[in-house]
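Residues per chain, in single letters:
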Amino acid sequence: MMFITLLRIELFKIFKRPRTYIAFGAIAMIVLLVQLALKVNGKDFIQLYTDSQSDTFEIPYESMNNGYFVCVAVLHMILIHVPLLVALIAGDMISGEAGLGTLRLVVGKPIGRTELILSKFMASTIYVVMLLVWMAIFALFGSILLFGSGDLVVFREENMHLMNQQDVLWRFFAAFVFAALALTTIAAMALMFSAFSENSLGPIVATVCVVIVFTIVQQLKVPLFEQTINPWSFTTHMLGWKGFFYVEKTAEGVTIDGSVENPASLVKSAGVLLGYILLFLTVTVQYFKRKDILS
Amino acid sequence: MMNTIIRVKNLSKRFGDLQAVDQLSFSVSAGEVYGFLGQNGAGKSTTIRMLLTLIEPDEGEIEIFGLNLRQHRKEILKRTGAVIERPDLYKYLSAFDNLRIFARLSGMKASRKQLMDQLEMVGLAERANSRVKTYSQGMKQRLGLACALVHDPGLIILDEPTNGLDPQGIAEMREMIIRLSRDGGKTLLVSSHLLSEMEMMASSLLIIDNGRKVAEGKLDELLNPKTALVELAVTDTRAARQLLGQTDWIHNIHEKSIRLLRFEMEKSRIPELTRLLVSGGLDIQSIRPVHSLEEYFLAQTGK
Amino acid sequence: MRKLLVFAAILLPALLPAQDVKELLQKVKDKYDQVKDYTAEGKLKTNVLFIKAPVATVKIWYKKPDKIKIKNEKGVSFIPKGSVNINMNNVLGLSNYEAIVSGTEKVGGTDCKVIKIFPLSDEDNISRATLYVDEQQLLVKRSVISTRENGTYELVMQYKQYAAYGLPDKVELTFNTRDYKLPKGISIDYDNGADKDKKERTGPKKGKVEIVYTKYTINKGVPDSIFN
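Keeping their order, the protein sequence lines are chains L, C and S.
For the first sequence, the numbering used here gives the first residue as 1, with consecutive numbering after it.
For the second sequence, the numbering used here gives the first residue as 1001, with consecutive numbering after it.
For the third sequence, the numbering used here gives the first residue as 2001, with consecutive numbering after it.
Note that these hints are calculated values from the structure, not bench results.
Take these hints with a grain of salt, some might be off.
Calculated Cβ distances over 12 Å to all of chain C for the following chain L residues [said to hold, decoys possible]:
{"hint": "1", "residue": "LEU103"}
{"hint": "2", "residue": "LEU146"}
{"hint": "3", "residue": "GLY202"}
{"hint": "4", "residue": "PHE225"}
{"hint": "5", "residue": "ASP292"}
Computed, partial: chain L to chain S, Cβ under 8 Å [what the hints assert, rightly or not]:
{"hint": "6", "residue": "SER52"}
{"hint": "7", "residue": "ASP55"}
{"hint": "8", "residue": "GLN219"}
{"hint": "9", "residue": "THR255"}
Virtual Cβ for every residue (Gly too), placed ideally from N, Cα, C.
Given only the sequences and the hints, what does the whole structure look like? Please build it.
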C-alpha cells in the first residue's frame, strides 16, 4: 500500500521535472530528423548497404524504403543513445535528492528504505517504458504514416534478411519489449551509482562511461575480449532487440514466417539482463539500507 | 501521562577517526522546548540524524514515545516531524506539491484545504503554486517547517532552524517554535549554535562539545546556578587577586583583562564579597554575575 | 583463338552438320517467336547464401525481341540482373554465330541435344552459350550462358501447360554472386551465435532463384512504358 503511494510520488516527481521532457523531446526530434533524411535521401542510405550487390541485383530502393525499414533504421541509431536519457533520470533518483537535501527528509519519514529504493526503481522502469512507447509512436507509427508499410529488409554484417510485411509488426513489439528490458538494466545500474553518490552528475556520467567502455570493448572484436568480457557484458545482450529481426530460413533459403534465428540466444540474453537487474538492485538495496544519510 | 518523550542512553557514533558522538545520554520531557547546543561539528546533527534513523548508531539506545526506535521505527517516525539543516525541497515543484508529498510520506492523505491551511500558517498560502526555486531562503525554511508539521506530529525536531535567516526570519521562527510548544502542546528538540536564540526559547538545555555532554538541565538552573561566574572590575587587580585568593569560597580566579577579574563563587555570598573588598581598601568599579547563556556556554566549553 | 576452337569443334566427327544444327535452332526460334509479348505471374524463391527472403509473388512482362522485366509489385525482392536471360531470344536471336552439337544429355528425364553456340560478333554480350534442346518438342530445357560482363548463368526450365508457346512453368536460374560484407562499424550486430559455423565463405559463390509461373497472358499487348 505504502509502496503504491511511494511509486506515485516518484512518478509525480519524474513527470513534473523539465529534464524528463528533454528526453521525450530529443527522441521526437531525432526520429523526425531520420525520417526527413530517409524521405529525401533514402536511396543513398540504402546504397550504403547494398553497393556491393548493385551489379548482381536490381535493388528495389523505393519499396525497401518503407515505414518498417525507416523504423529499424531509427532504432539502430537511437537505441544506442537512449541509455544517456535513462541515466539522466535514474542516475538522479537518489543522488539528486541528496543534493536537494530532500533525501534526509524522506528517509526520516515512516517508510522503509527498501520500499523507497524499489519504488524509485519501479518509477525508472515506468519512465523507460514510456520513453519506448513514445519512441514507438513516433518511430513506428509515424514512419508507417509517412512511408507506408511493406516488406522489411534488415542488413547484417554478412547477410540480409527479408521479412514479409505481415510478419513484421510483432517483431517490433517484441523488440520494444526487449529494449525495455535492456534499458531497465541501465536504469538499475544508474540507480545503483546514484545510491553511492551525493551529486547528481556523477552517477549519470558513470553510467554513460560504463556503457561506452563496454560498447567499445565489444566493437573491438578481438578474441581477448570476445571470449572473456563480451559473453557477460550487458551491452552485448542489450542488442538483443535486433535478434527479433533475424529470421530463420529453410534449407532452400526461404524464410519462415514468424521465426527468429536462434531464439535460445535471445532467451539467454534476456536472462543475463535480468540477472544484472537483480544484481544491481540487490547491491543498491543492501547498500542503501545500511547507508548513513549524511547529505 | 507519559512524561519523557525522548530518552537517549550512551549513544555513540564514530566516523573513521572522528568520534562524532561519545556516550551521550539525555532525556526530553513532554511539552518542552529542548535546546540542543553546541558549536558546529560538536555532534548535534549526528545525534539528531540518529534520532531520525538517518544514521545508525554504533552503540547506545534511543527510546522515543516510550518505544525502542529500532523496533518501532515507523510508528515513532509517524509521530515525528523534522527539519534538518536547510532543505532546498523539490525546487521544481510548487510549495503545495511539496507539502502534499511530505504529507503522503507521513502516511497522511491530506485534503486540499488541510494543506492550504498549513501553508497559511507559515504564511505561504499566496505563493502556494509557485515553484520553490523562486522562494527566498526564509520562505523555504518556513515551507520546510510546514512539511515537518503537516501530519501534526507530537515531536518536532528542528536542526539549526534559524540558519541562513535574516533577523526578521529568525524572530518569526522563534515565535513559531514558542507557539507550537505553548499553544500546540508539542515537544520540540531544537538545535542551534546561536546561543542567544536558545536563551529566548528553550526551557531545557543540553550542551555538547566534541560529541560529549557538557551540561544538561532546566534553563533557569543553568542560568542561575548556586555557583555563579562573577566579574569584578577594580583598579588594582593584583591586590584584589591576592585578597580573593586567601578565601576558601572563591575559585578559579583569572584575569580577563587589565581591570577585570573573573571567578566562581556562590551567588548568595556577593554581599560578603563586597565587604571583603571594601575592608581590604580596594576601589570597586563593578561586580557583575555572568548571566548570559553564551558566556556560560563559552565558560563551560572553554572556548 | 576462338575461331580456331570453333573450327576444331566443327571438325570433330560424329556430329550433326552445322547446317542441320542451325535449322534445328531456327525451328526452336520459330516456336518461341509465336510469343510477341506476355504478362505472367509467378512465385519467386531466392536461394542466395547471404539473402534470407520469403517466397515472393512477382509479375513478369516480356516483349519481343528482348525486353523483360520482373517485379515484386507488393513487396521487396532482390531480382538478379541476369534474369533477363530467361528470355531464350537472347541466344536464339543471334544472327552471326557458329553452332555445334556435342552430344546428347538427359535433362529432367528427356534426351536433349547439347548445342554449343559461339557468337561471332564482338558486340554481343553473350560470349558463349550451351543449349540443351528437346528435339521432339523443340524446347530449350537447359541453357548455360556466359556473358562478357556478369559471368555465367545457368537456366533449367520445365514446360507443361504453355509448352506449345515455348514458355516454361518453372525456371531455375543459377548465377554468380559477389561477396556481401558490410564495412565494420556500419552495423553493430547482435551476436546470436548463428554465424559462427559459416566458414565456407570463400571462393566464387553461386546464387539461385526459382520462378514458378502461375499464369501467362500471351500476346495481349504490353506497353513499352513498363520496361522503363
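Comparing the hints with the structure gives:
no. : hint   : verdict
1   : LEU103 : violated, 9 Å
2   : LEU146 : holds, 35 Å
3   : GLY202 : holds, 18 Å
4   : PHE225 : holds, 39 Å
5   : ASP292 : violated, 4 Å
6   : SER52  : holds, 6 Å
7   : ASP55  : holds, 7 Å
8   : GLN219 : holds, 6 Å
9   : THR255 : holds, 5 Å
When held up to the earlier numbered hints, the structure conflicts with 1, 5 and fits the remainder.
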